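Engineer: In the order they appear, the protein sequences are chains W and R.
For the first sequence, the working numbering gives the first residue as 1, with consecutive numbering after it.
For the second sequence, the working numbering gives the first residue as 1001, with consecutive numbering after it.
Warning: the hint list may mix true and false statements.
Unchecked claim - Below 25 Å or equal to it, Euclidean Cα-Cα: the simulated DMTMM-like pairs (lysine to aspartate or glutamate) are: (1) W:Lys56 / R:Glu1069; (2) R:Lys1202 / W:Glu238; (3) R:Lys1048 / W:Asp194.
As the list claims (entries may be wrong) - Chain W is nowhere near these chain R residues, computed Cβ spacing over 12 Å in every case: (4) Lys1005; (5) Glu1011; (6) Glu1026; (7) Asn1045; (8) Met1091; (9) Glu1092; (10) Asp1184; (11) Leu1204; (12) Gly1207.
Stated by the list, open to error - Distance ranges between label pairs, derived from CB positions: (13) W:Arg68 / R:Val1186: 44 to 50 Å; (14) R:Asp1184 / W:Lys231: 33 to 39 Å; (15) R:Arg1060 / W:Glu238: 28 to 34 Å.
Bear in mind the hints are in silico, worked out from the structure with no lab data behind them.
Source: prediction; values computed, not measured.
The beta carbon of each residue, even a glycine, is placed where N, CA and C say it ideally should be.
For reference, the chains in residue letters:
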Amino acid sequence: MTKETHSSKEFKRPDGRKVNELRKITAKVGIVPNADGSAMFAFGDTVAIAAVYGPKKMHPQHSQDPERGTLRCTYNMMSFSVTERIRPGPSRRSTEISKITEWALKPVVMIDEFQGNVVDVHINILQANASTRCAGINAAAMALAHAGIPMKSLVQSVSIGKLDKQLVTDLIKKEEDWEEGEGPTDIPITFTGDGKISHIQLDGKITKAQLKEAVELAREASKQIHEAQKKALKEVGEKQ
Amino acid sequence: MTDRKIVVPGETVSKGGDFLPGEGTEKRGEEIFAIRFGLLEESNNLVKVIPLSGVYQPRRGNVVIGKVENITFNGWVIDINTAEGAFLSLMEVPRYVNKDDLEEVMMIGDMVVAKINSINKRGIDLTIKLKGLGRLDRGIIISINPNKVPRVIGKEGSMISLIKDETKCRITVGQNGLIWIDGDKVEDELFAKKAILHVAEKSLMSGLTEEMKEWFGGEKK
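This is chain W alone, in the form it adopts within the complex (with noise of 0.2 Å):
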């Protein structure tokens, strides 16, 4: 362990952070007038804002569920979030993002009684360097929150990358392109209010051991989000 510390201390991360520093935290709650709820998440320059709709009659009617309420995500990256312009709509990437962020937050939602409605979900990214879906996840449970959707708890999304033999606590685009040594790892991991994971991702190679490391690393970096984000929501409660 304290060989470990030794090495953490030498390691250069490409923007100077520490390894287990995350980057500037901006959270906002009610920026889409419009929605029922709405919030933005930003890790930097990754800024991602989420809008909720309902719960409303889902349409067309075969698709309504008459025993619990539907959750329906829908992530999207702006076609000027990244320097190449990615071609608008949806994507193969953009359809699995969805549907992990669906199952990222279908823990903690409580629509069980909403039979036959749906609450929409939508994730946009404004700007994006690395860890989008972690950034979305967090601006849509903020904005679940702010729709007055009941929830068992928020839930704080995090990636935690492994450079080489490093681990290191939110990716930027730099460092999910690191070539030296085994290459890069990238891990996004959500958890719930109590501790557990509803969601992780694996794109690479790790050890056992590396990974539990990786878990505790997102445990300590999820407290951070968890306060960012609660202000943001007793910030906005204040004014209403």
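Place chain R on chain W using the hints.
Structural biologist: Relative to chain W, chain R alone:
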């Protein structure tokens, strides 16, 4: 006003068994957690969360204003700004209704003040069998955020009766955020509308009724 504390979902609102969990809260083990975003209220031995934002949640006994959306063989479907459409049965109309001519009582597009009679799995049932309920055939209707309705009404109706007196209008506030204003002159109605929108905008202030008295003093000049 009691101490106001804002809570977010998942926040602990009470430890130990001193309180009973009310609306917007949930008991897990010994602790009580908030499950909604809003103001925490502790009264007697009950804790509950009063929502600050979000869509209108219908409750039994609420007076609401809605629009006739459809006519069925035994009643009217009424849109009251909820996910579920509300149903007004012809049994709940305090007059004789010819079953072949429901349009004579209410047509599609008519506005109606109704009370929520019951909420069940099949939907919301309305009634207009009480005084002050029924079809609206004059006046204007404005819409505000449903979470601000309690402020517009005020403590024991203090705010709404002030506005009624000052503007000489008849006003019905629907819990779903729709407000019906009926005055003798259009100017009066527009004045009442201005006053209500002012209340909704300033809803965070404490001592709002006093502030509105001053506001009326200023506007009358």
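Engineer: Please test the hint of 28 to 34 Å on the beta carbon pair from R:Arg1060 and W:Glu238.
Structural biologist: holds, 31 Å
Engineer: Say whether it holds or is violated: R:Met1091 keeps its Cβ farther than 12 Å from all Cβ of chain W.
Structural biologist: Answer for R:Met1091: holds, closest chain W Cβ roughly 25 Å.
Engineer: Just to be careful, I want the Cα atoms of R:Lys1048 and W:Asp194 compared with a cutoff of 25 Å; is the pair within it?
Structural biologist: Given that 25 Å is the threshold and the Cα spacing comes to 21 Å, the pair holds.
Engineer: Could you let me know if the closest chain W CB is still more than 12 Å away from the CB of R:Glu1026?
Structural biologist: violated, 8 Å
Engineer: Could you let me know if the closest chain W CB is still more than 12 Å away from the CB of R:Asn1045?
Structural biologist: holds, 22 Å
Engineer: Is it the case that R:Glu1011 keeps its Cβ farther than 12 Å from each residue Cβ in chain W?
Structural biologist: violated, 8 Å
Engineer: Does R:Gly1207 really sit off the interface, with its C-beta more than 12 Å from all C-beta atoms of chain W?
Structural biologist: holds, 16 Å
Engineer: Please settle this one: R:Asp1184 was flagged as non-interface, so is its CB more than 12 Å from every CB on chain W?
Structural biologist: holds, 34 Å
Engineer: Holds or violated: is the Cβ of R:Glu1092 farther than 12 Å from all Cβ atoms of chain W?
Structural biologist: holds, 23 Å
Engineer: Going by Cβ atoms, does R:Lys1005 stay more than 12 Å from chain W at every point?
Structural biologist: violated, 9 Å
Engineer: For a C-alpha distance cap of 25 Å, please report whether W:Lys56 and R:Glu1069 respect it.
Structural biologist: holds, 16 Å
Engineer: Starting from R:Lys1202, check that the Cα of W:Glu238 is at most 25 Å away, please.
Structural biologist: holds, 12 Å
When held up to the earlier numbered hints, the structure conflicts with 4, 5, 6, 11 and 14 and fits the remainder.
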